[in-house]
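Once you've looked at the hints, dock chain B against the given chain A.
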Amino acid sequence: MITDKELAFVREALQMAQAAGAQHARATLSVSEEDLVATLDGEVDRVTHCADRSLSLALFVDGRYGSYSTNKLDRESLSGFIRQAVDATRMVAEDPCRTLPDPARCCTDALTGDELGLVDPARLSLTPADRQNIALSASVFSSDKRIISEEGEYSDSVYDSVVMDTNGVCCRHSECSFDYGVEITIESGGQKYSGYWWDASSRLAELDAAACGRKALERAVGQIGSKPARSGRYTAVIDAEMASKMVSPLLRALSGYSIQQHNSFLMDSLGKQLFPEGLTLLDVPRIPGQTCSKYFDSEGVATREAPVIERGVVREYFINTYMANKMQMAPTVEDATRAKVLPWPEPGLDRAEILRRCGRGILVTDFNGGNSNPVTGDFSYGIEGYLFENGRIVRPVSEMLMTGNFLALWARLIAAGDDARPCQSKLVPTLAFAEVDFSG
Amino acid sequence: MRSIDRFGVTEEQLRALVAEGLRDGGDWCDLYFEDTAYHDLLLRDGVVGSGGYHVDYGCGIRVLKGEKTGYAYAETTDFASLKSAARAAGSIAATATSLRGSALQSATQPRGESQDLYPELVAWEGADCKGFVEFLQRIEAGIRARDSRVLKVVAILSYSVSDVMMFNSLGELTSDHRPLGSLSVQVIFRQGDRTENNTVSRSLRMGAEFISEDVLEDLVSRAVAGMDARFEARRPKGGQMSVVMGAGASGILLHEAMGHAFEADFNRKGQSIFTDKMGQRICRPGINILDDGTLPRSRGACNFDDEGVPGQKTYMVTDGVLTSYLHDRISAGYYGVAPTGNGRRESFRYNPIPRMRATYMESGPDGTKEDLIASVRKGIYVDQFANGQVKIGEGDFTFFVKSGFLIERGRLTMPVKDINIIGNGPQALADIEAVAGDLKVDEGTWTCGKEQSVAVSCGIPSVLIRNLTVGGE
Numbered sequence: 022m023i024t025d026k027e028l029a030f031v032r033e034a035l036q037m038a039q040a041a042g043a044q045h046a047r048a049t050l051s052v053s054e055e056d057l058v059a060t061l062d063g064e065v066d067r068v069t070h071c072a073d074r075s076l077s078l079a080l081f082v083d084g085r086y087g088s089y090s091t092n093k094l095d096r097e098s099l100s101g102f103i104r105q106a107v108d109a110t111r112m113v114a115e116d117p118c119r120t121l122p123d124p125a126r127c128c129t130d131a132l133t134g135d136e137l138g139l140v141d142p143a144r145l146s147l148t149p150a151d152r153q154n155i156a157l158s159a160s161v162f163s164s165d166k167r168i169i170s171e172e173g174e175y176s177d178s179v180y181d182s183v184v185m186d187t188n189g190v191c192c193r194h195s196e197c198s199f200d201y202g203v204e205i206t207i208e209s210g211g212q213k214y215s216g217y218w219w220d221a222s223s224r225l226a227e228l229d230a231a232a233c234g235r236k237a238l239e240r241a242v243g244q245i246g247s248k249p250a251r252s253g254r255y256t257a258v259i260d261a262e263m264a265s266k267m268v269s270p271l272l273r274a275l276s277g278y279s280i281q282q283h284n285s286f287l288m289d290s291l292g293k294q295l296f297p298e299g300l301t302l303l304d305v306p307r308i309p310g311q312t313c314s315k316y317f318d319s320e321g322v323a324t325r326e327a328p329v330i331e332r333g334v335v336r337e338y339f340i341n342t343y344m345a346n347k348m349q350m351a352p353t354v355e356d357a358t359r360a361k362v363l364p365w366p367e368p369g370l371d372r373a374e375i376l377r378r379c380g381r382g383i384l385v386t387d388f389n390g391g392n393s394n395p396v397t398g399d400f401s402y403g404i405e406g407y408l409f410e411n412g413r414i415v416r417p418v419s420e421m422l423m424t425g426n427f428l429a430l431w432a433r434l435i436a437a438g439d440d441a442r443p444c445q446s447k448l449v450p451t452l453a454f455a456e457v458d459f460s461g
Numbered sequence: 002m003r004s005i006d007r008f009g010v011t012e013e014q015l016r017a018l019v020a021e022g023l024r025d026g027g028d029w030c031d032l033y034f035e036d037t038a039y040h041d042l043l044l045r046d047g048v049v050g051s052g053g054y055h056v057d058y059g060c061g062i063r064v065l066k067g068e069k070t071g072y073a074y075a076e077t078t079d080f081a082s083l084k085s086a087a088r089a090a091g092s093i094a095a096t097a098t099s100l101r102g103s104a105l106q107s108a109t110q111p112r113g114e115s116q117d118l119y120p121e122l123v124a125w126e127g128a129d130c131k132g133f134v135e136f137l138q139r140i141e142a143g144i145r146a147r148d149s150r151v152l153k154v155v156a157i158l159s160y161s162v163s164d165v166m167m168f169n170s171l172g173e174l175t176s177d178h179r180p181l182g183s184l185s186v187q188v189i190f191r192q193g194d195r196t197e198n199n200t201v202s203r204s205l206r207m208g209a210e211f212i213s214e215d216v217l218e219d220l221v222s223r224a225v226a227g228m229d230a231r232f233e234a235r236r237p238k239g240g241q242m243s244v245v246m247g248a249g250a251s252g253i254l255l256h257e258a259m260g261h262a263f264e265a266d267f268n269r270k271g272q273s274i275f276t277d278k279m280g281q282r283i284c285r286p287g288i289n290i291l292d293d294g295t296l297p298r299s300r301g302a303c304n305f306d307d308e309g310v311p312g313q314k315t316y317m318v319t320d321g322v323l324t325s326y327l328h329d330r331i332s333a334g335y336y337g338v339a340p341t342g343n344g345r346r347e348s349f350r351y352n353p354i355p356r357m358r359a360t361y362m363e364s365g366p367d368g369t370k371e372d373l374i375a376s377v378r379k380g381i382y383v384d385q386f387a388n389g390q391v392k393i394g395e396g397d398f399t400f401f402v403k404s405g406f407l408i409e410r411g412r413l414t415m416p417v418k419d420i421n422i423i424g425n426g427p428q429a430l431a432d433i434e435a436v437a438g439d440l441k442v443d444e445g446t447w448t449c450g451k452e453q454s455v456a457v458s459c460g461i462p463s464v465l466i467r468n469l470t471v472g473g474e
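These protein sequences, in sequence, are chains A and B.
Using my numbering, the first residue of the first sequence is number 22, and each one after it goes up by one.
Using my numbering, the first residue of the second sequence is number 2, and each one after it goes up by one.
The shape of chain A in the complex, shown without the other chains (with noise of 0.2 Å):
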């Protein structure tokens, strides 16, 4: 999507911040083109059709820094936009640790943008009734005489992006997205439920649309009749769908970010045993074909595969130079990718083979709302799913809150399965912890 002459463009606006007195500066073009049809009840409700173009740039003017963007791109809005933004850099105080990455870490082999054969040249011949088509026989509101309300959302996007320096670093990534969503509502003795399910795939053949809506209204008619539990300890299954919850926290309590601000419960964690030795989690940035995956952050430093946490030792801080600078530590990566939990303690366990193993319990297959305290660890989160018995599900339970802290969860894992969904960034399986707070 990025023509030559908008590579050319980007070479110019580095060149205009330096002629306006910037010593350094990264530019980053993001042009995005994104098609919708959203159909409410089996028939069309909305199409959208969306084109961006952006310029975002990072300013380096005598030892001071300064974010930047814009979608005015016509030469002469863009060079009055830079000189206001070195004017304003120069507003700041004075901090040497902002630099950009050496050039030698940062990626050399994203040239095309499709290296990792994440562009699916079918989009470029969809025309607006085939859009239609995927939306509107993907779904099932006639199926069921339940159902009330059916609420589906097709899309597919191409993404293009290119990070360019002053040092000479270019790095390219292009992307395109097929998704399909649909949340379900039913009515059934006079009480409302609701179910959601989505797909998305960097390759058109491989969206299952269809199967969306038999899953939402699996998920809306499994909560029929739901209410609380008695308020205790269980053991806590976590469906793959909803899993990443247990595991964004820990990455965030390792960025370089929440470690200076001593805002992490992993503060001192580098080289040390705080996990079980189930828990590895990896990046795994690089694997082609796969949606999410990238040759480079935000710095245009090259990403590779790493361990994270590996056997339950932590062995990588997210680091970016600015961060590394401050803290003088070795950079890495400004975050994780793709990050992805290994199964445990054996590969191969789905999410009935876990409940199976794990007897009895609650098994969560959604959240409502809740956090947690990135200082402390601790979370309070909102469920909802199913009590499990013999490992076999025995009723529905909504309205109940699962409490507790992730250093204490994660000492209790009982397993990681081999279920995690390629669609989803960050490819986490079912888990399973033991000796859970529910309140219900």
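Treat the hints as calculated values from the structure; they're not laboratory data.
Heads up, some of the hints might be wrong.
SDA-like mimics (lysine to any residue), calculated; alpha carbons at most 25 Å apart, straight line [stated by the list, open to error]:
1) B:Lys-278 / A:Glu-172
2) B:Lys-153 / A:Arg-96
3) B:Lys-153 / B:Cys-130
4) A:Lys-347 / B:Glu-135
5) B:Lys-451 / A:Phe-388
6) B:Lys-84 / A:Ala-59
7) B:Lys-153 / A:Phe-388
8) A:Lys-266 / B:Ser-454
9) B:Lys-84 / A:Arg-96
Frame of chain A; chain B shown alone:
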């Protein structure tokens, strides 16, 4: 500068674009032009070491056929690009297969008072940026002077000015100038080997006069307030109990538990738990719940909503009876009522949908917060919150409590923190037992995330609710 000049279009072109949008048979077309400049300054580790400036400019074009929507936008306002967007949006007319709802109507009735709800007395653009830097430094110095346990302070000043212009197929041309200033402060404290955090914020639709001694003192005092209790706080034993919600930020209860379910799109689609409840009693007499776009300088204030409808005050619950949903033009047409000025959007990139503004409950007759606490044998008092969520169909809502106290035999005892509370909207409304006379509308940086991010506000007097489920150990 006239809005029409800012965007470089003529009235003749506006009419031509509407005609282009309606070419395939659409019923309604509206245009939303936006020019936003957003600035931020970040204080960390004692220095204001980074700043930002972001420009967002463009025009969104919507075409309606019945209740069906076609939407497209352009990031420029040259006529050719806009015409192309109008054509793309207009294609909905050819695809709509089943149409419901009545014709959209004019909504230019006056708000009652014609004054600007959020004048920019001191312009942000061109204001003294060095003064802002010093202001942030004074916030940190003030916080450190009041509590020796302070380890880290992060303070962010952000301010934006949006100029919007709207035109529709009725020929109504409206414009709005929307300043917004926000400050948020995060503090990390250390006591012995324990650390705790506290986050406070203030956000108002006003110009650079926002940078004031009043705001500084408010943020500094709240940033260090209650930290002794925070270090002592524990998780309570979880389960169902009475909850006294302190005045102000507890308005998140109304936003999550009731406000979303009153948004007319959820009701039009049959998804809300309040669908078909119009005119029915849903809580005890004397309770009034409203959504107000007319509070001067509030984050939820709207001179006009994003469909050009004048800002107004909407009673959703009057004396305990459901009296109105929150409408955009589509739902108003469907229900045959006037739009309520709730058609809002994140930016020109999004079509407007029914959204809250400042949602609050009016003061009640049941005395003071202390009276409510004294009436509870065993329960919990909560006063600071982080976030909330609701499941529209089921009505199950949650909100995350940053701090509060156990209530035992009518008195506040052990401090508590970091717990989620869950309940069911209609049941919680029915379980409101007492409403104090101390309504307060919170001025924090509340942002609602229903499909799009929109600035809102919320408020409530102290209320006593029986039987909410509190997370615990």
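Each hint tested on the structure:
no. : hint                  : result
1   : B:Lys-278 / A:Glu-172 : holds, 22 Å
2   : B:Lys-153 / A:Arg-96  : violated, 42 Å
3   : B:Lys-153 / B:Cys-130 : holds, 23 Å
4   : A:Lys-347 / B:Glu-135 : holds, 23 Å
5   : B:Lys-451 / A:Phe-388 : holds, 16 Å
6   : B:Lys-84 / A:Ala-59   : holds, 23 Å
7   : B:Lys-153 / A:Phe-388 : violated, 32 Å
8   : A:Lys-266 / B:Ser-454 : holds, 21 Å
9   : B:Lys-84 / A:Arg-96   : holds, 23 Å
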